[in-house]
Amino acid sequence: MRTVKSVQDLEKWKNDILSKQKRHEIIVSVCGGTGCQAYDCQKVKALFQKELNQKGMREKVALKVTGCPGFCERGPLVTIYPHNIFYQRVKAEDVPEIISETIQNGKKVDRLLFEDPNAHRKITSANDIPFYRSQMRLLLSHNDLIDPTRIEDYIAIGGYRSLGKALFQMRPEEVIEEIKISGLRGRGGAGYPTGKKWENCHHAKGEPKYVICNCDEGDPGAFMDRSLLEGNPHAILEGMLIGAYAIGANQGFIYVRHEYPLAHKNAEIAIKQARRVGLLGKNILGSGFSFDVEMAKGGGAFVCGESTALIASIEGKVGEPRSKQIHLVEQGLWGKPTNLNNVETWANVPLIINKGSQWFSSIGTEKSKGTKIFSLVGKVKNTGLVEVPMGITLKKIIFDIGGGQQDGKRIKGVQTGGPSGGCIPASLFDLPVDFESLTQVGSMMGSGGMIVMDEGTCMVDVAKYFVHFLQEESCGKCLPCREGLKRMGEILDRITEGKGNGEDLSLLEELSEVIVDTSLCGLGKTAPNPVLSALRYFRPEFEAHIHQRRCPAAVCTPLIQYSISEVDCTGCGACKKVCPTQAIEGEKKQSHRILSEICSKCGSCKDICKANAVMVQ
Amino acid sequence: MNLNPVDLIVDKYQEKRTALISILHDVQDRYKYLPDEALKMVASRLRMDINEIYGVATFYKSFTLTPQGKHSITLCLGTACHVRGGPKILRELKGLLHIEPGQTTADRQFSLNVVNCLGVCAIGPVMMLDRKFYGEMNPIMAKRIIEKLNNKRRGVKS
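Chains as they are written, first to last, in the numbering used here: chain V, 1 to 617; chain H, 1 to 158.
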């Protein structure tokens, strides 16, 4: 690998890579993200490699393992360029056919194409699939094109060019000004203006200064930071380099949660490669500016996503937050000025420097600029990562991109903002998605998890889930959060067991108020949000549990009964075989029956019944 | 117990106290848990109080102080997995293995753990068995996977 000592070196390297790449007539790109790995994409890749080698086609055909293109639910994903044919749910068995048909003969393999569920029409290119059509993939689009373990791929798409521009054409203050004008706000949750944070850190007294990339991403249901760091780690490094130059820092840290091994690995590889070519280290591109990055691993504590707790964790301590009266930009890591941004925020920086703040601020709404990546998951047809301009409506995301309801059950709300956010009811789906609107309706942007809920989701159960989650994850420093959440959990347990009483709801509200008012960190202050928003929009569900001892969504096991419809049961016996407690009786081809006294209400019978004869009440 | 690996791990991080969490991760990768002797060794090498080390080792959920089973099952109970039926899978696993999350079966074959999110939400419910992800799980699939491993051990063809 060469060393890059100037902007000219970088440009020359890029041209060399591009001219080498021209030799390849066809590129096969296989998604290697964590989602596709769950569907054995490694086998698909290995077979492509073997077959292409055997057929002596490696000169003509390049095989690339890329980051996540976002449509995880349809994995493993394979795209053939330049034809731009998008194959989904590809199995190793399909590989020989793709080679003989598409690569050798230019024909499509119809059964692997995505089928439009409404028009029943096969779609060839990813851009024409409804899931992708309404997206604006400024950050994620690179994931499809590059192999994250090869710095050359990032250089080839113009990588590190923004760094060159910042170092040689802009003074640090100008970089900060550019970010300020762009209107970029932190993507980690609170939406603090990034440029302002940089400016404060730039002016803060104390040496050395640090920059940190927060990839703790503890919000359950969100995984955009994982995909960005996994799929395009050099973009994050480039963002951090530009930020460090603007702030005056020479050392950075990437804090990755323990549950993301691939993101950790790819970031580590990227750092090593950048060091080797001289894009990290001393005198970068001959500018005199020096910067290096170290990796830090989390330990599975949700609270470490909070900036002061994260810093304690990097210092090797227990991850307890501290008061933010003195901001991190003044006294952060080891008491020195520290600028912490989330992965997605850093990923936006090279784009803004490259294309300009005017361009960036032309996207989005008045106060929320640019795009935002959401992880659209839960009870919706198309699940995956979705990048959209700020200000798009929830309806558009859930119905146009997400394809609407999943299995015939009406969608009733969407949870955003993780455990600090809330659930927005379907009646408000015309809401534009930006920082302010979501906060106004009692939720928040958070890091971008969007969990769709339908009639089969019990909102009391979801509220209970979040309270137990937060109770588990409370670091225990403040009593209201530690004890208050425990009591709230007990009340909600009671309600879902059919033992609630008339005073429970007002008690929940009262406890929530105290926790919000008296907790130290952001996590404690927002902890009651899921309960408060559920009470605000889905109160009748709570009341049904308390007054009628009924769970309308048929989720809370103490309140439901399973039975088999005599009319619909075909007597196939599948349920009887699968029942773990032998609670089903009936002769073959005769209607079956559930013995409610030994039924454990696991739902296995309902899942396996093809005749839809198992009923829940 | 051979503690040489612990020595090498601490060397790798140049005895830096700030690298404590990374050191503990590496020790756990090596032994599959954090043995008492190893923690004492880390404490003495870093010249730290053992209580401080225990504080960190017990605060962070990724660490375990008890030996793990041959197979490690990690079930995701993030929001997306929760609404898609994660708890049903947990009930099935608990019933099959007769253990609670955080425990290991008496025959040391399986350890069951739950996490708050594995970040593979789009294909939930997700389960991880020995570092391999399984998407779109249900109780029946979970049962089959466990049975297959049990049969394999007993030499029965499934």
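There could be a bad hint or two in this list.
[As the list claims (entries may be wrong)] In silico DSS-like pairs for lysine-lysine, Cα to Cα no more than 30 Å straight-line:
no. : chain 1 : residue 1 : chain 2 : residue 2
1   : V       : 577       : H       : 16
2   : H       : 88        : V       : 272
3   : H       : 16        : V       : 43
4   : H       : 152       : H       : 70
5   : H       : 12        : V       : 265
6   : V       : 91        : H       : 88
7   : H       : 61        : V       : 606
8   : H       : 12        : V       : 610
9   : V       : 355       : V       : 381
10  : V       : 381       : H       : 12
11  : V       : 20        : V       : 108
12  : V       : 317       : H       : 143
13  : H       : 12        : V       : 576
14  : H       : 40        : V       : 317
15  : H       : 88        : V       : 610
16  : V       : 272       : H       : 152
17  : V       : 336       : H       : 12
18  : H       : 61        : V       : 324
19  : V       : 336       : V       : 317
20  : V       : 60        : V       : 14
21  : V       : 477       : H       : 61
22  : V       : 477       : H       : 16
[Claimed, not checked] Computed from the model, here is a short list of chain H residues facing chain V with C-beta under 7 Å:
no. : residue
23  : 65
24  : 67
25  : 69
26  : 91
27  : 101
28  : 116
29  : 117
These are computed hints drawn from the structure, not numbers from a lab.
Since the structure is predicted, the reported quantities are computational estimates derived from the model, not experimental observations.
Each residue gets a CB set at the ideal place from its N, CA and C atoms; glycine is no exception.
For each hint, the structure was consulted:
1. V:577 <-> H:16: Answer violated: residue 577 of chain V to residue 16 of chain H is near 57 Å, above 30 Å.
2. H:88 <-> V:272: violated, 43 Å
3. H:16 <-> V:43: With a Cα-Cα distance of about 40 Å, the restraint between residue 16 of chain H and residue 43 of chain V is violated, given a limit of 30 Å.
4. H:152 <-> H:70: holds, 13 Å
5. H:12 <-> V:265: holds, 17 Å
6. V:91 <-> H:88: Within the cut-off at roughly 29 Å; holds.
7. H:61 <-> V:606: violated, 34 Å
8. H:12 <-> V:610: Cα-Cα ~57 Å, so violated.
9. V:355 <-> V:381: violated, 35 Å
10. V:381 <-> H:12: With a Cα-Cα distance of about 48 Å, the restraint between residue 381 of chain V and residue 12 of chain H is violated, given a limit of 30 Å.
11. V:20 <-> V:108: Within the cut-off at roughly 27 Å; holds.
12. V:317 <-> H:143: The hint is violated at about 40 Å.
13. H:12 <-> V:576: Roughly 57 Å between the alpha carbons, so the hint for residue 12 of chain H and residue 576 of chain V is violated.
14. H:40 <-> V:317: Answer holds: residue 40 of chain H to residue 317 of chain V is near 17 Å, not above 30 Å.
15. H:88 <-> V:610: holds, 19 Å
16. V:272 <-> H:152: Measuring from Cα to Cα gives roughly 41 Å; hence the hint is violated.
17. V:336 <-> H:12: Holds - the C-alpha atoms of residue 12 of chain H and residue 336 of chain V are around 26 Å apart, at most 30 Å.
18. H:61 <-> V:324: holds, 25 Å
19. V:336 <-> V:317: holds, 17 Å
20. V:60 <-> V:14: Roughly 20 Å between the alpha carbons, so the hint for residue 60 of chain V and residue 14 of chain V holds.
21. V:477 <-> H:61: Judged against 30 Å, a Cα distance of about 17 Å means the pair holds.
22. V:477 <-> H:16: With Cα atoms ~27 Å apart, residue 477 of chain V and residue 16 of chain H stay inside 30 Å; holds.
23. 65: violated, 13 Å
24. 67: violated, 19 Å
25. 69: With Cβ-Cβ at 19 Å, over 7 Å, it is violated.
26. 91: holds, 6 Å
27. 101: violated, 11 Å
28. 116: Holds - the Cβ of residue 116 of chain H comes within 7 Å of chain V, reaching about 5 Å at its closest.
29. 117: Where the cut-off is 7 Å and the nearest Cβ of chain V is about 4 Å from residue 117 of chain H, the hint holds.
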